Structures are given as C-alpha cells and as structure tokens.
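Protein sequences appear in the order of chains A and B. Here the first sequence is numbered in my numbering, starting from 4 and rising by one per residue. Here the second sequence is numbered in my numbering, starting from 36 and rising by one per residue.
Don't read these hints as lab results, they were simulated from the structure. Note that this is a predicted model, so its numbers are computed, not measured. For glycine and all other residues, C-beta sits at the position ideal for the given N, C-alpha and C. Hints are not guaranteed to be accurate.
Cβ-to-Cβ under 7 Å is the rule here; a few derived chain B residues that face chain A [as the list claims (entries may be wrong)]:
no., residue
1, 158
2, 578
3, 605
4, 609
5, 868
6, 870
7, 872
8, 878
Per label pair, the in silico range of CB-to-CB distance [said to hold, decoys possible]:
no., chain 1, residue 1, chain 2, residue 2, range
9, A, 74, B, 847, 34 to 44 Å
10, B, 899, A, 92, 19 to 29 Å
11, A, 92, B, 474, 48 to 58 Å
12, A, 49, B, 769, 39 to 49 Å
13, A, 49, B, 366, 51 to 61 Å
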Amino acid sequence: MSAVRAEGPTTTWLPVCTTDQLSRERGVAALVGGRAVALFRTYDDEWFALDNHCPFAHASVLARGIVGTRGDVPFVASPMLKQPFGLRDGVCLDDPSVRVPTYPVRVVAGVVEVGVGSP
Amino acid sequence: MSPTASGRRPRIVVVGHGMVGHRFVAAAVERGLTATHDVVVYGEERRVAYDRVALTSFFEVGADALSLLPSGVYDDPRVALHTETSVVGIDREARRVRLADGTTASYDELVLATGAAPFVPPVPGKDLDGCFVYRTIEDLEAIRDAAARPRADGSKARGIVIGGGLLGLEAANALVQLGVEAHVVEMAPRLMPVQLDGAAGATLVRHIEKLGVHVHCGVVSTEVLDDGTGRVAGLGLRDADALEAEIVVFSAGIRPRDALAREAGLAVAERGGILVDEQLRSTTDPHVWAIGECAAPAGRMYGLVAPGYTMAEIVADTLLGGTAGAFTGADMSTKLKLLGVDVASFGDAFATGPDALELVFADAVAGLYKKLVVGPAGPDADGNPREDAWVLLGGILVGDASSYGVLRPLVSSGMLLPENPEELILPESRGALQLGLPDEAVVCSCNNVTKGDLLAAVDVDGEHRCEDLGAVKACTSAGTTCGSCVTTVKGVIEDYFGEIGKAVDTSLCEHFPLTRQELFDVVAVHGYRSFTEIVEAHGTGRGCDICKPAVASVLASQTGGHVLEGEVGALQDTNDAYLANIQRNGTYSVVPRIAGGEITPEGLIVIGEVARDFGLYTKITGGQRIDLFGARMEELPLIWSRLVDAGFESGHAYGKSLRTVKSCVGSTWCRYGVQDSVQLAIDLELRYRGLRSPHKLKGGVSGCARECAEARSKDFGVIATEKGWNLYVGGNGGATPRHAQLLVGDVDTETLVRYLDRYLMYYVRTADRLQRTAPWIESLEGGLDRVREIVVEDSLGLGTELEAAMARHVEGYFDEWKATLEDPEKLSRFVSFVNAPGQPDPNITFTTERGQIKPVNLDEPVVLGTSIPVGAPR
Ligand SMILES: Cc1cc2nc3c(=O)[nH]c(=O)nc-3n(C[C@H](O)[C@H](O)[C@H](O)COP(=O)(O)OP(=O)(O)OC[C@H]3O[C@@H](n4cnc5c(N)ncnc54)[C@H](O)[C@@H]3O)c2cc1C
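Could you put together the complete structure from these sequences and hints?
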C-alpha cells in the first residue's frame, strides 16, 4: 500500500483501475463519484489524485499534463497554459491563492482506489 | 674528462648537424664541456641545422627563418663546424672517422646524430623523374620546381603523397600551398594510423578533403607509372583505378640512419637504430654515443624532436661527468595543426591498458572528435581502494585541441578526474574552466585576449563594466574573428557573474544546467535513449514541462522512433502526447497532411464526411490545409482510422516539426509561372515531414517572382527564377514577422534540396529550445554569412554528414497515426476515463455559431448526477 492522504472517518474508497494501467509520470482521468478526477503516478510510485478541472483554463484537462518535480515537490503542469500544481496539496506553485481539490489515493492488492466523502 | 695522454685536448666528433646534433653542441657550449673539449661537427647538408619540424613553412618564410644557427658559426672557438661534409666510415680501433674526400679525423668520443631517412618502398618506378621525399629544404625546393612545371596542356601539375601519416599530411599541405591538386594514398584504413583511431581519422579526412586534398585510404600502391620519357605519369593502385599525376612524394615512414654504425660493427636494434643504453652510449663501444632519430635506446627509436633533445642533454651531461641523466622513454604525445586542423594524440590513445575505458565526443557538424581514455584510480593515500574514481590515461583530439594543454599534464599526474569527466571534452568545455584556467591563459587566440582581459572587461568596479557577451566582445574583440572561443568567453563571463551573484542563467530549467545544444551533445556522446538516464547523469529531480519535451525532441532527432513509445511518451507535450492540437475546452483539432495544398475532390469529400459524422468545426488554415476542431480525445483514433483508410496521414500540426510547404499554383496553370512550384512544394513537404525540430518549421514555394505563396515569410522559402530557384531562409510570420533572406540564387532542384537538407539539419542540431530559424541565424557568429559558409560553401566540411542525417530521417519516416492505430498499447491511452471509457467527459460542451459548433468553457467542473459503475475495467 502506498501513501494515504487526507483520509477521513467517512472516506469511501472507490477502485478506479489497476496499477499497471498507469505508467510512471503519467496521469489519467477517472470518474469518481461523478467527478472527473486526475490520477497521477510519480516516478517513485506515489499516487495522487486532483480534480481534473484546471481553474485557469476552465477545462477538464489536468490529467494530460506533464508530471515532474520542482525541488522536492511533485507537480503536474496544466497542458493548456502550463500552470504548475503541486500533487500533494493541489496548490498552484506560481500562485498559492489558487488550489485544486485533492483526493486520497491508496493501492490495495494492485488496485488503485480513490477516497471520496468527508475528508 | 681529463686531457689525453698526448696532452692535447680531448676531441668530440659529432656526425650530423641536424636538430639534435645542434642541440648537443649548444648544450656542450652552454654547460662548459668546451672548456675541456674540442668539438668538431660534420654535417652532410649544405645548410647548418634548421627547424625541420617547421619545414612546411619554408615556402612561406624561406630558409633563413628556419635556421637554428643563423650566423652559421658557434660563438665558441672550440667548436668547428663543417657543412657539406659527410662521414663515410668509422675506424673504432683507431678512433678515427673517414670523410667523403678521403681524409680522416680522430676522436675521443664520437656522437652520432645522423637522424633518419624517409623510407621509400621498393615499388617499380620509384626513381623516376618526379619522385620525391620530404625531409630537407632541398627536397622542398625540388618539389617546388616540379610543381612549377606545367603539364603538356598548360594546366597545373598534380601530386600524390604516398603515406597518410603525420609527415605525409605535411607533404600534402605543401602541395596544396604550391597550388597542386593533392592526393594522399594510405595503405591503412585511416589517416595517421599511429596516432588516431578510426573515428578520429574519419573526422580528419572530412577536414582535409574540404581543403581540396583527395584522400584514398586502404589503398595499396603498386607502381609509379612512367610517361615513356622517364617521368612520372601517375600511380598504379591495387584493386583501384590508377591516379594520374606528375609528382609523387614518398612519405611511408622513416628509417634511422644507422648504416655507418652497422659497417663499424656497432650493435643496431632489430627495427633499426643504434642500440644504446640509458646514457645513450653504444652497447658495443663505450666511446660511441647516439642521439636523436638514429638512436635506439632499449631497442626503440623516437621519431620526434623532443626525445632527441633530451638525449642530447643527457650525453652532454654524462660527458661532463654527470651520472644522473638517464633516458628511460619519452612522452610520444603529439599536437599539431595539419592544414589548419588541430590534431592531438597523447598517452594511451588506443586504450590498451587493462581497465582503460573510452569516453568519446564526436560532433560531425562541428568537425570535432575527442576521446578520453580513462582508468580506475589506484588506492587512496591510506591504501584503501576507491570506487568511481578515475584518472586520465590518454586521449585523441581532432578539430579542436585547445584542451590539450589541460589534459596532457593530467595524464600520469595521478589527479582524479572531475565527476563527469566527459565535460572535459564537451565543446569549448566549461569543464576546463572549472579546472581553473589561469588569468594569463589566452582564451581568444585570434586576438590574443586572455582570461584576465575578459575579467577586466566585466569587472563591476572597472572602467568597462560590460554587462553581457555582446559588450565584452565589442570591448575586447574576443571571439570576433573565428568565433571558436565564444562559448569559452561566455563561460568565463558567466562564471564571474555567478561568483559575484549576478544572475545569468542559460540552464534549460532547474533540472538541467545545460542549453538545448549541450543537451543534444551529451545525448550524442553517451547514446542515451531515455529521460531517466539523462536526468540521472546530468540533471536533478524528475523534470518538468520545459525539459521533458526538449529531451523528447532531442531523442526524436537522434534516434527516430515513435514519439509515444514507452517512457518517451510521458515526455511529450499534450499535443504530441495525443497527436493532435489541444483547444480551449480540452478537445482537439485534427489536421491531415495536404502536401503543397493540393487535394483531390475525393479527398475533400472524405474530410467533409469525417467532419460531418463527428460533428467537427472546419476551417481552412493559413498553411493550405483543413483543420477539424472539437474532437474529443477518445474520438481521435476513430477519426484517424477513417482518414488513414482514405490515404491521409498525420499533418504534424501538433509537433515542433515541419508543418506545411505552401505553394502557388505554379507554371502548370499560371500564365506567369516559370517553374512547377506545386511539384517542388509537395516533394519538399514529403521529404521533411515528421522532422522533429527546436520549433515548428514552415516552408513555401512560389512559381515566379510575384511570390503568391508568401514564401519569404517562411523558415525556408523558394522562389522560381528563369534559371532555377532562389532559396531564402529565416522568415516567419507571428508577433515578430521576418522576411527570409537570400541564401543562394539560381540553383537547380538537386542543389536546392542538398542545401535545404544541410540548413535544416544544422538548425535541428544547434538551435535553442523554441528558437525559430530567424533568431537562430542571428544568434550564430556571422549570422546569415555563417549559414552560407556552412550550407553552401561547406566550410566546416559537414555537408555530407548533415545530408546523411537527413537521408536517415527521410528513410526512417513513417506515419505516426497509422502506427498508433496498429498498436493497442498506444491506443489504450485514448480514453475519456480509465474506469469509464465509454463515458464522454461531461465537462465538454458546445453551442453553435454560424452553423457550426463552438466550445463552451465552464467556470466550475460538472458533476454527473448519475452514478457511474466503478471498477477496474481491463
Ligand atoms: C616535415 C616534417 C615535419 C615534422 N614535424 C614534427 C613535429 O611536428 N614534431 C616533432 O616532434 N617532430 C617532427 N618532425 C621530426 C623531427 O624533425 C625530427 O625528429 C628531428 O629533426 C630529429 O632530429 P635529428 O637531429 O635526429 O635528425 P635530423 O634533423 O634529420 O638531422 C640529422 C642530420 O644528420 C645528417 N647526416 C646524416 N648522416 C650523416 C653523415 N654520415 N655525415 C654527415 N651528416 C649526416 C643529415 O643530413 C641531417 O642533416 C618532423 C619532420 C619532418 C620531416
């Protein structure tokens, strides 16, 4: 099992895919509780989930951005206008007043699960 | 040494007044040997000793300038110098030498410094009129006279040098200087086989051929051909056509002149040379010494002047009673400028040592080949083994030997190499700077500007206070002549600004302290195939949206292959990643290639049908094709399978690569047209399609001077003339419009394509990330003239290499979309949701405008009311 973030008492874990469906430093969109969520896997096999909606571009695209690091912070660059969002907290690295929602992710027996519910 | 029994002063006889003989006499005078001894020198040549190393400059500077003893006599009455006097025999019993005129002279100590003679292979015809060797000033005078003799038809004489070693190339250089068409015939598969490996030899060939010397390697000469009157008519070759020539110069190696010694019964080495001990004393006779090229200490002869000088000093010292001198071998490192090309070979250049490894940097574009031979460092001071610590064992440098001064002393110094030793050979390496270039080091040799001068120019408290490279160049003239030092100049300035905390950063991004060109170079040196390898060796972290696409582009240029293959797929910008252009609502536009803007009605109908069936917005582009907007990501494969079936292919509208070659209708239809611009535009577009480049590339072809294709607003524009084509380069539209400038006029189609191949490949290799051709040309030292030198005049001799690189591209081209459709792995990424591939993204919505769809952007993400089945669909 990999990192679990912001797991609350009422978190519901929804399986979205198996680990081999997403290669390293890639993102993919998943539909979680009706919302488009961008799921990412880093080079170190950490898993993160952000809302897929880019608040700058007003489009559902973050899963298609390039995944990299800034210092020690893993981030995704929005594919539209390249704003960087930290994968850990969803905060825009160039404009901390902008933040996209994040979701906890865990891997159970090769299945990637995204947590929804009250964090 | 003491006076002889007879009471006369002991006499040293020196045979040979060449470079080493002269050095011995000079040492004898300087060290006071003449205080006790008389010295008598016999030299066979007409002149006193001269600088044979610089022999080739004889044509330029004349004999006097080469002389090592311009006054003709030693400034010491104890030395008697006889020129044009050959020693023909030695009577060791009587300790006398016999001279050509029959007289004899006695000696107490005999120093043989007879040098070496060129080896002339025993081929038939070797003595014909027109055959020469290359050793003395007289040889050069004779060659000059022969070169001045016109052929029967009045044209210039032609010359062949047999032997492609160091001396052979010197001889070829002389022929070139004399205006003679020069050929070099070398038996070995490469030039300078003793000093250079295959790749270095090949780089040298390119340099030398561009100077007009014809190189024939791996070729055996069979006979010198006779014109019927006893004169040279050419050279017969085994398994090849004979070469015609009036001059043949033998330069097939040298042999020590040890005949006198042999006849006198002195031991000689197996491969020639008078056998001597570490004090250079004959192993047969303690009163005979041998120095220079005629000597073979420990059985080996040395064909360079420096070891000869060492020998001369040792003998002078030993005759003075010294015991310290011993000749135990010599550094055979060589550095020279052959026909203007730097060549250096030092240490264990062939990596013969047991654990020797090679690091190679080759840049055919710049004509550079540099190799370092490294080996594991021994244990540290405490005797503990060291890991990952390397020392330099040797190397080869061709094209740029400026680092020789830093590198050669490193060999056998035991100094550990820096962590990335390859930086020592990367172009105008900053590595060498980091090793600490002293202030007096000359950075720009054309204008004799030292590192100290550069620092004075940028000194914030100084009088010049230059802010950047341009100002420094203007102020010091550094880098303004040949331009080869510009990177070093830049490095010095940047290091200084870095030290004082002034920001000048040329790094690609936080992950790579390299420019795109440097990145291109390290990928070429190491043959990297993945981002991980590159970032682990040369960067930090895991990259970003700047360096990853740059690496992807460099890898694509160097290795070809599909842009979505494996790990490389994760490096691509969104457009490349989905082989389509992302639009403002997250949908994509699709652009099939319509080469030259020519399309059949059937083609138009297919595009129309596809657009209609998928509900796409259509628009004609500026590049004469049709853009289909509003495709959802998961629809792209469906759309493309229809297009591919109808014979369309990717238009690469999404890539930093060739977009279109726009054309006017040309001479086929237009009453003004003078050439078929459509055909050429199609040919060019199909030739360069798929070429990944630093930025997008556009072309245009106009069929007459009216320029309806607007070709001069393109990166390359071709305009028809009555005689052929004019080629313009460096144009663009956009925010900073530029008109393309004339590169070359009135060329035929074949030449045009050749120049375009070179121009585009040179751009791909050397431009910065996202630098279009216009600013790239401006950034080059010399601007458009520089491009013309490289592309048209081929002054760097890279033409063939650049053309070959383009040929590989053309050959390796395949349609990315067709290949994607055939690969389930790549197709698997074209889904809206990994867990609901059939569900379109609800965030994508459209309205309509003027009868077509129009995207709507939503401030907030849409949440689907219905619950979607989740799971892990496979
Ligand atoms: C074109 C050319 C380029 C070269 N470039 C380089 C280079 O870049 N670097 C380098 O290190 N070396 C170079 N060399 C080699 C260098 O010139 C020799 O190593 C050096 O000259 C050797 O000195 P030496 O005194 O042993 O022989 P020499 O200079 O040849 O002198 C020997 C002399 O002895 C005379 N002699 C011979 N026999 C008798 C006799 N029986 N009686 C009287 N006199 C006699 C000869 O006529 C000759 O004058 C080059 C040589 C040539 C030809």
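request  = Could you tell me which of the numbered hints above are not met by this structure, giving the numbers in increasing order?
outcome  = 1 and 7
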